Amino acid sequence: MQKFNSNVPTGPLENRWEKHKFDLALIAPQNRKKYNVIVIGTGLAGASLCATLGEAGYNIQSFCYNDSPRRAHSIAAQGGVNASKNYQNDGDSTWRLFYDTIKGGDFRARESNIYRLAQLSCNIIDQAVSQGVPFAREYSGYLANRSFGGTQVSRTFYARGQTGQQLLLGAYGSMSKEIASGRVKHTSRSEMLEIIIINGKARGVVVRDLITGEISSHVADCVVMCTGGYSNAYFLSTNAKGCNTSATWRAHKNGAYFANPSFTQIHPTCVPPTGDSQSKLTLMSESLRNDGRIWAPKNIEDCDKSPNDIPEEGRDYFLERMYPAFANLVPRDIASRALKGICDEGRGVGSIINDQRLGVYLDFSSVIEKMGIDKVKEKYGNLFDMYKSITGENPYEVPMKIYPAPHYTMGGLWVDYNLMTTIDGLFACGEANFSDHGANRLGASALMQGLADGYFIAPQTVANYLARGKFEEVSNDHPEVMASIDSVKSRIDKLMNAPKPKHSPDYFHRKVGSILWAACGMARDKKALEEAVKSIEKLKSKFWQNIKVTGSDADFNQTLEKAGRVADFIELGHLMCIDALDREESCGAHARLEYLAESGDAMRDDENYGYVAAWEFNENGPELHKEELNFEFIKPTYRDYK
Amino acid sequence: MNFTLHIWRQKNTNSDGSFVTYHVENIDSDTSFLEMLDHLNEKLIEKGEDCVVFDYDCREGICGTCSLVINGHPHGEKKATTTCQLYMRDYANQRELWIEPWRASSFPIMKDLAVKREAFDRIIQSGGFISVSVGSAPEANSQLINKDDADCAFDSATCIGCGACVAVCPNASASLFVAAKINHFERLPQGKIESKRRAERMINQMEEEGFGSCSNHRHCETVCPKEISVSNIATMNNLL
Chain C
1 MQKFNSNVPT
11 GPLENRWEKH
21 KFDLALIAPQ
31 NRKKYNVIVI
41 GTGLAGASLC
51 ATLGEAGYNI
61 QSFCYNDSPR
71 RAHSIAAQGG
81 VNASKNYQND
91 GDSTWRLFYD
101 TIKGGDFRAR
111 ESNIYRLAQL
121 SCNIIDQAVS
131 QGVPFAREYS
141 GYLANRSFGG
151 TQVSRTFYAR
161 GQTGQQLLLG
171 AYGSMSKEIA
181 SGRVKHTSRS
191 EMLEIIIING
201 KARGVVVRDL
211 ITGEISSHVA
221 DCVVMCTGGY
231 SNAYFLSTNA
241 KGCNTSATWR
251 AHKNGAYFAN
261 PSFTQIHPTC
271 VPPTGDSQSK
281 LTLMSESLRN
291 DGRIWAPKNI
301 EDCDKSPNDI
311 PEEGRDYFLE
321 RMYPAFANLV
331 PRDIASRALK
341 GICDEGRGVG
351 SIINDQRLGV
361 YLDFSSVIEK
371 MGIDKVKEKY
381 GNLFDMYKSI
391 TGENPYEVPM
401 KIYPAPHYTM
411 GGLWVDYNLM
421 TTIDGLFACG
431 EANFSDHGAN
441 RLGASALMQG
451 LADGYFIAPQ
461 TVANYLARGK
471 FEEVSNDHPE
481 VMASIDSVKS
491 RIDKLMNAPK
501 PKHSPDYFHR
511 KVGSILWAAC
521 GMARDKKALE
531 EAVKSIEKLK
541 SKFWQNIKVT
551 GSDADFNQTL
561 EKAGRVADFI
571 ELGHLMCIDA
581 LDREESCGAH
591 ARLEYLAESG
601 DAMRDDENYG
611 YVAAWEFNEN
621 GPELHKEELN
631 FEFIKPTYRD
641 YK
Chain S
1 MNFTLHIWRQ
11 KNTNSDGSFV
21 TYHVENIDSD
31 TSFLEMLDHL
41 NEKLIEKGED
51 CVVFDYDCRE
61 GICGTCSLVI
71 NGHPHGEKKA
81 TTTCQLYMRD
91 YANQRELWIE
101 PWRASSFPIM
111 KDLAVKREAF
121 DRIIQSGGFI
131 SVSVGSAPEA
141 NSQLINKDDA
151 DCAFDSATCI
161 GCGACVAVCP
171 NASASLFVAA
181 KINHFERLPQ
191 GKIESKRRAE
201 RMINQMEEEG
211 FGSCSNHRHC
221 ETVCPKEISV
231 SNIATMNNLL
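So the sequence lines, in the order shown, correspond to chains C and S. The first sequence begins at 1 in my numbering and counts up by one. The second sequence begins at 1 in my numbering and counts up by one.
Derived from the structure by calculation, the hints contain no laboratory data. One or more of the hints may lead you astray.
[Stated by the list, open to error] Keeping only pairs whose Cα atoms sit at most 27 Å apart, straight-line, the calculated DSS-like set for lysine-lysine is:
1) K542/C <-> K43/S
2) K116/S <-> K540/C
3) K85/C <-> K226/S
4) K147/S <-> K375/C
5) K538/C <-> K500/C
6) K116/S <-> K185/C
7) K79/S <-> K377/C
8) K388/C <-> K47/S
9) K47/S <-> K542/C
10) K494/C <-> K43/S
11) K370/C <-> K147/S
12) K548/C <-> K11/S
13) K375/C <-> K226/S
14) K147/S <-> K502/C
15) K43/S <-> K511/C
16) K377/C <-> K147/S
17) K377/C <-> K226/S
18) K47/S <-> K489/C
19) K548/C <-> K47/S
20) K43/S <-> K538/C
21) K147/S <-> K538/C
22) K226/S <-> K388/C
23) K79/S <-> K375/C
24) K79/S <-> K43/S
25) K494/C <-> K470/C
26) K116/S <-> K377/C
27) K500/C <-> K47/S
28) K538/C <-> K253/C
29) K116/S <-> K489/C
30) K511/C <-> K47/S
31) K103/C <-> K635/C
32) K196/S <-> K548/C
[To be verified] From the derived model, a few chain C residues whose C-beta atoms are all more than 12 Å from chain S:
33) P311
34) K494
35) D506
36) T559
37) P636
Fair warning: this is a prediction, and the values are worked out from it, not measured in the lab. No residue lacks a Cβ here, since even glycine has one placed at the ideal position from N, Cα and C.
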């Protein structure tokens, strides 16, 4: 195992990545075909990495659980992608993007990583445009920008409300080009279930063919995980139904540290939950907050009235009232907490769930008056249509209702500056790692990070790892390979043949989800977290006693797929609560009720908690390792958005 | 709400399939169509039976994974909608629902309602991209693009690759899918350079995969969840 060392370069911040790149070892073009790399997951990070490594000449084998790489959940990102091009001449710069990102993350991430991300942001836009990504443009033919959640400059590039889709299709196209060239061999509908480690190095994976149930092993010189986040631990989230933690959790159980698992983002602008049959929540792009105004009735008696019958003086534009400087554009964590506060006061609107109305209004009426309905349609048309099709209400006539929902996970596998985990030869990119967003991610930064990792960072650092290592031949009958296959098979056996099969995977998923939502969601406290830890332990043993999977394991069996994923979510949920308990401060999305100011703002404790919590898996319970965060270039400040 | 469902069940690609009838009860009108199927599957697990396999992922109409022909209509009768965005309130008066997979020989059925659409991936691999490598891109604003062209390219680029156009076409043609990708790039200066070669290769691959040709039925644009116009097919034909 590599040492727990961030490997951050020294020297002036502006030169660190350039200097580091120069120090990385290279492999000559004619030798690259001798190296094999496995990439798990082909969303933005994975597809861009496959494309780039393929173009460079390496042999890549990639897997995804979807029926095509084009369907990864990156596709659902709506709002946009940030880049410090400063096309709008509004004072943007690499430094400002860097500062906004580190401040937005409440000073719980590395300076060096974020500065590199800000530097690479401009290359991403160039790359995407050259691939034919149809970004929004002005009549002059120049690229358009908009301002987006939590920033005071217009640096967000967008393709209507489908930026993620267009960027993913760009990366998928480039990856497809490399599949055609033969350098990338891709298999869809395959799920990684185990990592193969030989002499301390990640050397391969065990995957299950989701159609036939066949278990197979694949070996290589190193493995990169681009497997996304774990918001689905909450059951109801904005993530696609298939998104899961299984790959990252397998890595964790094999020695990769898991960093800041409790840092999960609850996004403020989602369609509110409606009832028990609901299987997922839908995000309405944050860009709506640029023009829309958020309000709740001032009086509880007005909550069941039609919003159009509530006069102006009866409306509380609470974000504008509480945060006059940023108003409706405050960062996500702050907006979500404010929304929850209003609903907890009893001033929510919409359908009643568990005796509470969960929703506030997002109102476009004044904008429609000002801009005209056509302009609003051009800017937000597809989002309005989506809202209408989900709720059956017309947002051009009645204000939309929104409520926060789990959306993104800042936590993930701990990685060093080279994006390598604590397992030698195991890298993690995109949402699967913890690296850049600290305790809260700013809007339009996820696409930026996934693509920076995949197009520009990992291709360099993976090559360095390959160049510096020696890789003895590993065959598919190596004892470690056989052991990994056996462990996968015996786990599947346990899922198929529980002692007292009684409940479906969804039953357990909803259970763990509701525990986490209540104790480790938007507001957390010691007592609730301690209870949650105990309930999850009980749930885990109940799961292995009572999980009921019908059908056969040698077949296309979605129930079995779900069961395996839920088992991992339960274990991860346990660690999320332990991490939230350990962090006796509030920062970013992590709001411990004991450490909130009266205004509701997070009270950070830099002296005692200015670290990344990296958890090592241990049969007797997780062990905490701390990576102290040193701020050499900026001074952590109080996040004041008032 | 209560519904009678006739669902296509098929063990695997090589076996025969048939409709099996199920009843679901007490469905809330705000339940989505796929959640209604989730509900059925929960009941099947209770009874110890194998669940109905159907494809889904994002459940917000953008990933293109879900399919299903419902009472003869790919993605149901509602316009500009994917199956995952259908709600049972839309089916108030249709108590009997016939649910089938996409039917096209180039989309073999894997099990029950799930089909294999890798033929679409291979068509993209044959040329559905701009041949640029990472690192060689010029500054993004160095090439200006007329807004109308950019918007038009976007309209074509919104294709989610679901395959409804194939499922509805009497010829099982993938022309709309192929043409949308060709037109997306044809509209952009950085994509136009390879247009002719791209069109030839993609159409060739489409034929090799066993998809039929377009004979102007135009059913594809009526079922397309992203409302991609058949005018894309005219642009494609002009390139040949």
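Structure-based check of all given hints:
no.: 1; hint: K542/C <-> K43/S; verdict: 20 Å, holds
no.: 2; hint: K116/S <-> K540/C; verdict: 35 Å, violated
no.: 3; hint: K85/C <-> K226/S; verdict: 32 Å, violated
no.: 4; hint: K147/S <-> K375/C; verdict: 15 Å, holds
no.: 5; hint: K538/C <-> K500/C; verdict: 16 Å, holds
no.: 6; hint: K116/S <-> K185/C; verdict: 18 Å, holds
no.: 7; hint: K79/S <-> K377/C; verdict: 18 Å, holds
no.: 8; hint: K388/C <-> K47/S; verdict: 36 Å, violated
no.: 9; hint: K47/S <-> K542/C; verdict: 20 Å, holds
no.: 10; hint: K494/C <-> K43/S; verdict: 22 Å, holds
no.: 11; hint: K370/C <-> K147/S; verdict: 24 Å, holds
no.: 12; hint: K548/C <-> K11/S; verdict: 21 Å, holds
no.: 13; hint: K375/C <-> K226/S; verdict: 20 Å, holds
no.: 14; hint: K147/S <-> K502/C; verdict: 58 Å, violated
no.: 15; hint: K43/S <-> K511/C; verdict: 18 Å, holds
no.: 16; hint: K377/C <-> K147/S; verdict: 17 Å, holds
no.: 17; hint: K377/C <-> K226/S; verdict: 16 Å, holds
no.: 18; hint: K47/S <-> K489/C; verdict: 26 Å, holds
no.: 19; hint: K548/C <-> K47/S; verdict: 11 Å, holds
no.: 20; hint: K43/S <-> K538/C; verdict: 25 Å, holds
no.: 21; hint: K147/S <-> K538/C; verdict: 59 Å, violated
no.: 22; hint: K226/S <-> K388/C; verdict: 16 Å, holds
no.: 23; hint: K79/S <-> K375/C; verdict: 23 Å, holds
no.: 24; hint: K79/S <-> K43/S; verdict: 31 Å, violated
no.: 25; hint: K494/C <-> K470/C; verdict: 38 Å, violated
no.: 26; hint: K116/S <-> K377/C; verdict: 36 Å, violated
no.: 27; hint: K500/C <-> K47/S; verdict: 14 Å, holds
no.: 28; hint: K538/C <-> K253/C; verdict: 20 Å, holds
no.: 29; hint: K116/S <-> K489/C; verdict: 26 Å, holds
no.: 30; hint: K511/C <-> K47/S; verdict: 21 Å, holds
no.: 31; hint: K103/C <-> K635/C; verdict: 10 Å, holds
no.: 32; hint: K196/S <-> K548/C; verdict: 55 Å, violated
no.: 33; hint: P311; verdict: 30 Å, holds
no.: 34; hint: K494; verdict: 17 Å, holds
no.: 35; hint: D506; verdict: 6 Å, violated
no.: 36; hint: T559; verdict: 5 Å, violated
no.: 37; hint: P636; verdict: 33 Å, holds
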